[in-house]
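**Student:** Those protein sequence lines, which keep their order, are chains A, B, C and D. Be aware that the first sequence starts at 267, since it is given in our numbering, and climbs by one per residue. Be aware that the second sequence starts at 29, since it is given in our numbering, and climbs by one per residue. Be aware that the third sequence starts at 2, since it is given in our numbering, and climbs by one per residue. Be aware that the fourth sequence starts at 115, since it is given in our numbering, and climbs by one per residue.
Take the hints with a grain of salt, since some may be wrong.
Unchecked claim - Within a straight-line C-alpha distance of at most 27 Å, the following computed BS3-like cross-link-like pairs (lysine-lysine) qualify: (1) Lys308/A x Lys773/D; (2) Lys509/A x Lys352/D; (3) Lys442/A x Lys807/D; (4) Lys407/C x Lys308/A; (5) Lys160/C x Lys313/A; (6) Lys307/A x Lys787/D; (7) Lys236/D x Lys252/D; (8) Lys488/A x Lys352/D; (9) Lys483/A x Lys355/D; (10) Lys489/A x Lys352/D; (11) Lys308/A x Lys446/D; (12) Lys329/A x Lys352/D; (13) Lys308/A x Lys355/D; (14) Lys663/D x Lys329/A; (15) Lys313/A x Lys324/A; (16) Lys830/D x Lys227/D; (17) Lys489/A x Lys355/D; (18) Lys66/B x Lys245/C; (19) Lys773/D x Lys313/A; (20) Lys251/D x Lys329/A; (21) Lys663/D x Lys251/D; (22) Lys671/D x Lys313/A; (23) Lys245/C x Lys89/C; (24) Lys483/A x Lys353/D; (25) Lys252/D x Lys329/A; (26) Lys307/A x Lys773/D; (27) Lys324/A x Lys352/D; (28) Lys236/D x Lys308/A; (29) Lys353/D x Lys489/A; (30) Lys329/A x Lys236/D; (31) Lys223/D x Lys324/A; (32) Lys324/A x Lys773/D; (33) Lys66/B x Lys43/C; (34) Lys341/A x Lys167/D; (35) Lys245/C x Lys86/C.
What the hints assert, rightly or not - Some chain D residues near chain A, calculated using beta-carbon distances under 7 Å: (36) Thr213; (37) Phe344; (38) Phe350; (39) Val354; (40) Arg362.
Hint data in this document are derived by calculation from the structure and do not stem from the laboratory. Heads up, the beta-carbon is just placed ideally off N, CA and C, and yes, glycines get one too.
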Amino acid sequence: MTKQEQHTRTKRYGMVIDLDRCTGCGACMVACYAENNVPFKKNESDKMLSLNWIRVFKVDNGKPFPDTEICYIPKPCMQCDGRHMEGHSPCVSVCPAVATDYDYPTGIVSQIYTRCFGCRYCMAACPYHARKFNWWDPSWPAEMEKYLNPDVSVRMRGVVEKCSFCYHRYQKARDKAYLEGRDEIYEHEYQPACVEACPTGAMTFGDLLNPEHEVYKLSRSKKAFRLLEKLHTNPKVYYLSSKSWVRRKADNYLEGQSPGQQNNARKTETASH
Amino acid sequence: MFPFIFEWAWDIPHLVFMGALWYALSIIGAGLTYCILKSLYDTATEEGGESHEHH
Amino acid sequence: MTTPAIPEGVKRCSTGKFALWLAVVGAVLLWGVYAMFLVWYKGLNQTGMNDAYGFALWIWADLTVIALGGGAFFSGFLTYIIGKKELKSIINYAVIIGFICYSSALLILALDIGQPLRGWFIFWHANVHSMLTEVAFCLSVYFAVLTIEFLPIVLENPKLDRIPFLHHLSHNLHEVMAVFAATGVFLSFFHQGSLGGVAGVLYGRPFAFREGLLIWPWTFFLFTWSAAAVGPCFTVLITRITEKVTGKKLVKQATFRLLAKISGWMLLTYMIAKIIDTWYWAAVTAPAKGFTLMDFYTNNPVYGIWILIAELVICGLLPAVILVTRKGRENNLLLMTGVILAVIGVCINRWVMVLQVMAAPLLPFQDWYMYMPTWQEIATTILPIAYGIILIMLAYRYLPVFPQEKELNSGS
Amino acid sequence: MKIDRRCFLSLVIGGAVGTTLTPVPWKLTDDIAIWTQNWPWTPEPEEGPSVYKKSVCTLCNGGCGINVRTVRGKAKKIEGQADYPVNRGSLCPMGISATQDLYGPARIKSPMKRAGKRGEGKWEKISWEEAISTVSKKLAELRSREKPHTVACISESDRGTVAYLIDRFLKAYGSPNFIRTPSFQDSQELALYLTQGQQGTIGYDLENSDYILSFGCALLDGRGNAGRMFSAYAGFDKKVKLVQIEPRLSDTASRANTWIPARCGTEGALALGLAHVIVREKLYNKDFVENFSFGFQDWTDEAGKLHKGFSSLVKEYPPEKVAEITGIAGSKIESLARGFAGARRPVAVSGGFGQGSLDETLAINALNALVGNINRPGGIAAVSEPDYLSWSEMKIDKTASNGRKKPRADEAGSSRFPNTGHLLYRLPEVINSSSGDSPIQALLVAGGDPLYTMPDSDAARKAFDKIGFIASFSTYMDETARHADILLPNHQFLERYEDVPTPAGVPKRIIGLTRPVVRQQYDTLHIGDAFIRIAHNLGGFIENALPWKNYEEFLKKTLSNQWKTLEKQGYWVDPEFVIPSWDEAFHTPSGKYEFYPTERNNPSGKDADALPGFKTSGIPGDPEQMPLILIPYESIRIAGGAVGNPPFMTKTVDANVIKDEDVFVELNPKTAKEYGFSEGDTAILKTPAGRAKVRVHLFEGIMPGLAALPEGLGRKAFSDYIAGKGVNINSLLPEVAERGSGLNRCRATRASLTRA
């Protein structure tokens, strides 16, 4: 089997976010709201009641002035491959109604809003708090319904939603490629709204298995790490940072442990796939 | 409960789970059916005139 | 002259007094029902839950009532399968308590889901790999079994018993009750276990996650075990409360002691297993994920190490020791202390396995998540208690629940 | 038929069993499933083909090119326009959220007149005829009383066709009072004029620089042109060094290679300290300084008087002394100076401390001159206005010419502030201190939200109350619109045409085209059309001065040479724009870059007042009573300007910035401890200008002794999604005018924080 054919079969779409480049502007969040019809309320200050498919966290190194440093960590759904890398992501395996599913061709964890009955077990299972619940009926004041994106269905009260890596964009790109007689979609044809909107180019998106895609190289860089790798959720969202204190914020370490050790362990895991 | 949904595929976990479920359900069903039939039979074989007692 | 509704040979309070108490408890029930409709009408924003607390008070209440309702299946198991005939005097009540617990659990579940009208999707689109699916199936089927077990007791009401078909039905159900009880035990084993599995399989949540056997994490077995251990304690507790309230002897002391003894040994073995499990988790499972034991018990206003000590020692080992020793069982005060502590212990365990799981932070830059239930949540959690009291009042008044009542109270 | 119990039971049971065997229950459950998926109140957006339309965002003066996705005539999503020469595809969150402004609740849907008291929020819908004639009548009446100079117009921009049209209207009408809202541009333009003798804006070639020394300019926090700055930042390679000087670890500072937390308001001193080292160690560009600059060395004027030069001035700022002023170690100052001067294409950027005093801006600008990075790649360049706005001079009548000759109400260009163009912040004092009639009788608010953005809000509101007639052309119900007498809502920018000339700071000469990407949503009118119609109503010379049928015709005629290109690619780059070489660049009296700005307004005649020496940080307030210093900070997630946050933006704001209705004041944990505050405490913040309830957030990244509040909150109008949240920082800041320039020299104030 040639390499090309392999890629046609299975992709593992993933994201690499360069934290050295992220300025914390929030354009990714806003682009996501607009693209995915994420509703809003008058008071959004309780972030655990605020629908965000991607949220940017502000983290500091804890050192006193003037040695303080801050870093922004944008956190979408990690689209975990799960233990053993076979789609046994924390959330998919627990959903009692198959309302969330691991899409093997792309590695994207889907959410079927019309099937979800709101038990929130997946939220309890997700260590990243990537899953959000519609506590309220969504509403768009004035004539704001007009801006809603027809490609993404509006969610109703009482269901769970989350980042889909803008799967509808993948579908569009796939349809387009099909019409043009291509098996493959180009890297630039499928990019989530947040990546596209990132004004400093801190976010990169593509197929982690395709050596021609930028994420392939970036995700294998020495600076790359993922959040809570020790849980073996195998996220497909990678981060880059040149700062060791940032790396330490991404996972839990026992005394004497350092991020480096962990990274090696992960590398072998990826390689074995 | 039923393999009606479009992405359904029979595999070992499904067989085990559904097997256990239907096993339990059929025991309960059989037990209940037995009781009801037996009671109907018992009622019928008792003294005949009892069926219209309250009228 | 129609048949009296009250069983023959027992004394019950006047209709007026009964109605008065019914009204009092009914008021509480109505408050809960109001809250329930608020939740259904306005949605889950009426609760104190949030995206960090997908599971909260209700799920705790669910797990707890099911654990406490475990008295029904375990007493059934002892009575019908092991053949402990002494327990026949309490099995009726155990079934009624179980029925109340399980119906409450189902009601709370119907409240807890965001789209109650789609609740049946759990059956329709079942994911057999999900512990919750296992819970849903076993729970509902077992509830059917409980209903069947409850049915002959209801049919023994003097008025109903006069109808020949029902009379026979009651009789025939009794005849084959062992079959139902066995099925119930089988189902209970799985749903009690899978409720434990609900938390234990969460490998993204180091506080909850446990290794296990095949597809079942150790919590699966621990939950079944603890329910079997504490369920009878709860049956004893409620029966004793009923005796206090009615001022009558309803069940022989020997029955209580037998149940307490069995509970005690179950509890003791459970505690040993639980302590080994906790030790293994603290020494191996959690550190592999970068956490030390104390990470889960510091830096927050509520969850200190006290809760672990309370669960394992004060409400675990202590009642177990009380109940396995003859002296402990024969001293009424000690017996009741042991029973109550055991019940509290299982409540703490279920709380920890639901609420503390949600509270503990995972990413180093996050803080503990705290949660405060709203009155709607509290009211709907009290609702099953009121409903349970009413059902017990009705059952006690109109059904021959306690076969020994006549004999025990003949002196007075 | 007699139905006995058995029969009845059989019927019921049989019926139930029978029903389960029919499709009815299954159909019903299926219906429930479908029903719960389609609540009637859950909207279903209409599908259709996507059409992308290019335009330019005008929510701020940044002027970013955008690409708007529309489906069936509805704007769905806004993205950056990849090839737009300003922002090259990058866009800030505000721009992305603009669909919410378009369809949102802040829109004014039709012309209205006030029905209750001013600011009460009671309005009566009127027709455009009535609105136009009301304004016309008021203006005609003032003219008939020979008082056209009592009319003023406030605008956010003085560039492009709309500003030109309004200015032309005012000229024909007879008012000198076209007032641009203040910004960091003011001091930069003034500095450019004084040092290089040219009207225009300073362009910073950040994209090509390899050492950016920012004196507190919130480059990545939304200052000036966020989209452009982000795209420049995206292009920085590892060799580019960004140094941020400011007392708080802003997003810019956090992304900088070096963060220099100099004391608040001492940026000018630091610049002079750096210049000291550069001069002392002869690190400056000798060719530029010796051949193309004036006033570096001491010099003698025509009268034979000896003047101090810039090199003598900086002798007074040795690192030790500057270290004392700024709190930055002398060695650090030295290494910074060497780093800056040693870079290949260094650039120093001003615009930190509020709008920036002239002294500070001149001192910072001198650094660019010292390293000779003027009109060079990676440096600064003067960008003059494009010449497409060259309509013939019009005839005006006597009333108008008399009115034009009257001094401006804001005292800009007066003998006190001869070089300054606009001084909106002077207006409240002028109005409030005048006895009798207000010097402004009618105010036309063509842009900006002055009642929100002006410092010392109480004084501003008092002044506005004295103005007899206020008309607002705002698209949104902002604070000024709420206080107006009549509303003539402009189209939202996604519904209208407008040209967008080169945004300030960009070293290019371009025109962008804002154009309607959707049909107009409400009964609004393009502001250009409103002025044309008012002019036509007034008749005579005024009508003749604005002879166009409508704004669109005027725009197309104005841009007739560029129109085709604009229509096609959305922007036009002036091919003739070349940055002149040093020997042609300077139009000062000396013909050189003037380190000693001879044109500077200097009544005392002292060298010390002409040269940009550091006097004092000038923060108002009594340090005894108010031990803290309050500074505003810009946040890219909170729009601080005239257009308030749309819901999306506010949704991104962290819970330690806004919680419910409260804003958090940032304090260093040390400071908090000193005053006994801990995280989340409620406190009362007092400044010489006002007081407010705030909550405390502890942040290690802020200098001890400082307190910081975000800009853009505390709005009283706009929409329910932003109004009422937090505190308007402007209301806490007293206005501090710089002597000689009149510019706001300091956006900081002394403050005290006490328990609530």
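**Student:** Run every hint past the structure and note whether it holds.
**Tutor:** Right, here's what the structure says about each hint:
The suggested pairing of Lys308/A with Lys773/D holds, with an alpha-carbon distance near 12 Å, which does not exceed 27 Å. The suggested pairing of Lys509/A with Lys352/D holds, with an alpha-carbon distance near 15 Å, which does not exceed 27 Å. Of the supplied pair hints, the one linking Lys442/A and Lys807/D is violated, its CA atoms being roughly 56 Å apart against a limit of 27 Å. Distance restraint check for Lys407/C and Lys308/A: the Cα-Cα separation of roughly 65 Å exceeds the 27 Å cut-off, and the hinted pair is therefore not satisfied.
For a cut-off of 27 Å, the pair hint linking Lys160/C to Lys313/A is broken: about 59 Å separates their Cα positions. With a C-alpha separation of about 35 Å, the suggested pairing of Lys307/A with Lys787/D is violated against the 27 Å cut-off. At roughly 21 Å between alpha-carbon atoms, Lys236/D and Lys252/D fall within 27 Å of each other, so this suggested pair holds. Of the supplied pair hints, the one linking Lys488/A and Lys352/D holds, its CA atoms being roughly 17 Å apart against a limit of 27 Å.
As the CA atoms of Lys483/A and Lys355/D are separated by approximately 26 Å, the hinted pair is consistent with the 27 Å bound. About 15 Å separates the Cα atoms of Lys489/A and Lys352/D, which keeps this hinted pair within 27 Å; it holds. A distance of roughly 47 Å separates the Cα atoms of Lys308/A and Lys446/D; the hinted pair therefore is violated under the 27 Å criterion. With a C-alpha separation of about 25 Å, the suggested pair Lys329/A and Lys352/D falls inside the 27 Å cut-off, and the hint holds.
The hinted pair formed by Lys308/A and Lys355/D fails the criterion: a straight-line CA distance of about 41 Å is larger than 27 Å. Distance check on the hinted pair: Lys663/D and Lys329/A sit about 64 Å apart at the alpha-carbon level, beyond 27 Å; violated. Our distance criterion of 27 Å between C-alpha atoms is met by Lys313/A and Lys324/A, whose separation comes to about 13 Å. About 19 Å separates the Cα atoms of Lys830/D and Lys227/D, which keeps this hinted pair within 27 Å; it holds.
Annotation: proposed proximity of Lys489/A to Lys355/D holds, straight-line Cα distance about 21 Å (limit 27 Å). For a cut-off of 27 Å, the pair hint linking Lys66/B to Lys245/C is broken: about 41 Å separates their Cα positions. Straight-line distance between C-alpha atoms of Lys773/D and Lys313/A comes to about 10 Å, which keeps the hinted pair within the 27 Å bound. Annotation: proposed proximity of Lys251/D to Lys329/A is violated, straight-line Cα distance about 64 Å (limit 27 Å).
For the proposed pair Lys663/D and Lys251/D, the alpha carbon gap of about 21 Å is at most 27 Å, so the pair holds. Taken as a hint, the Lys671/D and Lys313/A pair is broken in the structure, with Cα atoms around 52 Å apart against an allowance of 27 Å. For the hint pairing Lys245/C with Lys89/C, the CA-to-CA distance comes to about 21 Å; that is within 27 Å, so the pair holds. Taken as a hint, the Lys483/A and Lys353/D pair is honoured in the structure, with Cα atoms around 22 Å apart against an allowance of 27 Å.
Taking the CA atoms of Lys252/D and Lys329/A, the gap is near 62 Å; set against the 27 Å cutoff, the hint is violated. For the suggested pair Lys307/A and Lys773/D, the alpha carbons sit about 13 Å apart, so the restraint of at most 27 Å is met. Proposed proximity of Lys324/A and Lys352/D is supported: the alpha carbons are some 24 Å apart, at most 27 Å. The suggested pairing of Lys236/D with Lys308/A holds, with an alpha-carbon distance near 23 Å, which does not exceed 27 Å.
Under the criterion of a C-alpha separation no larger than 27 Å, the hint pairing Lys353/D with Lys489/A is consistent with the structure, at around 19 Å. Taking the CA atoms of Lys329/A and Lys236/D, the gap is about 52 Å. The hint is violated against a cut of 27 Å. Simply put, Lys223/D and Lys324/A have alpha-carbon atoms about 39 Å apart, too far for the 27 Å limit, and the pair is violated. The straight-line distance between the Cα atoms of Lys324/A and Lys773/D is roughly 16 Å, inside the 27 Å bound, and the hint therefore holds.
Distance hint between Lys66/B and Lys43/C is unfulfilled; the C-alpha atoms sit about 49 Å from each other, more than 27 Å. Annotation: proposed proximity of Lys341/A to Lys167/D is violated, straight-line Cα distance about 31 Å (limit 27 Å). The straight-line distance between the Cα atoms of Lys245/C and Lys86/C is roughly 25 Å, inside the 27 Å bound, and the hint therefore holds. Taking 7 Å as the C-beta contact cut-off toward chain A, the hint placing Thr213/D at the interface holds, the least distance being around 4 Å.
The interface hint given for Phe344/D holds, since its Cβ lies 3 Å from the closest Cβ of chain A, which is under the 7 Å cut-off. Below 7 Å, beta-carbon pairs count as interface contacts, and Phe350/D has none with chain A, the closest being about 9 Å; its hint is therefore violated. The closest approach between the C-beta of Val354/D and any C-beta of chain A is roughly 12 Å, which is over the 7 Å cut-off, so the hint fails. Proximity of Arg362/D to chain A is violated relative to the hint, the smallest CB-CB distance being about 10 Å (cut-off 7 Å).
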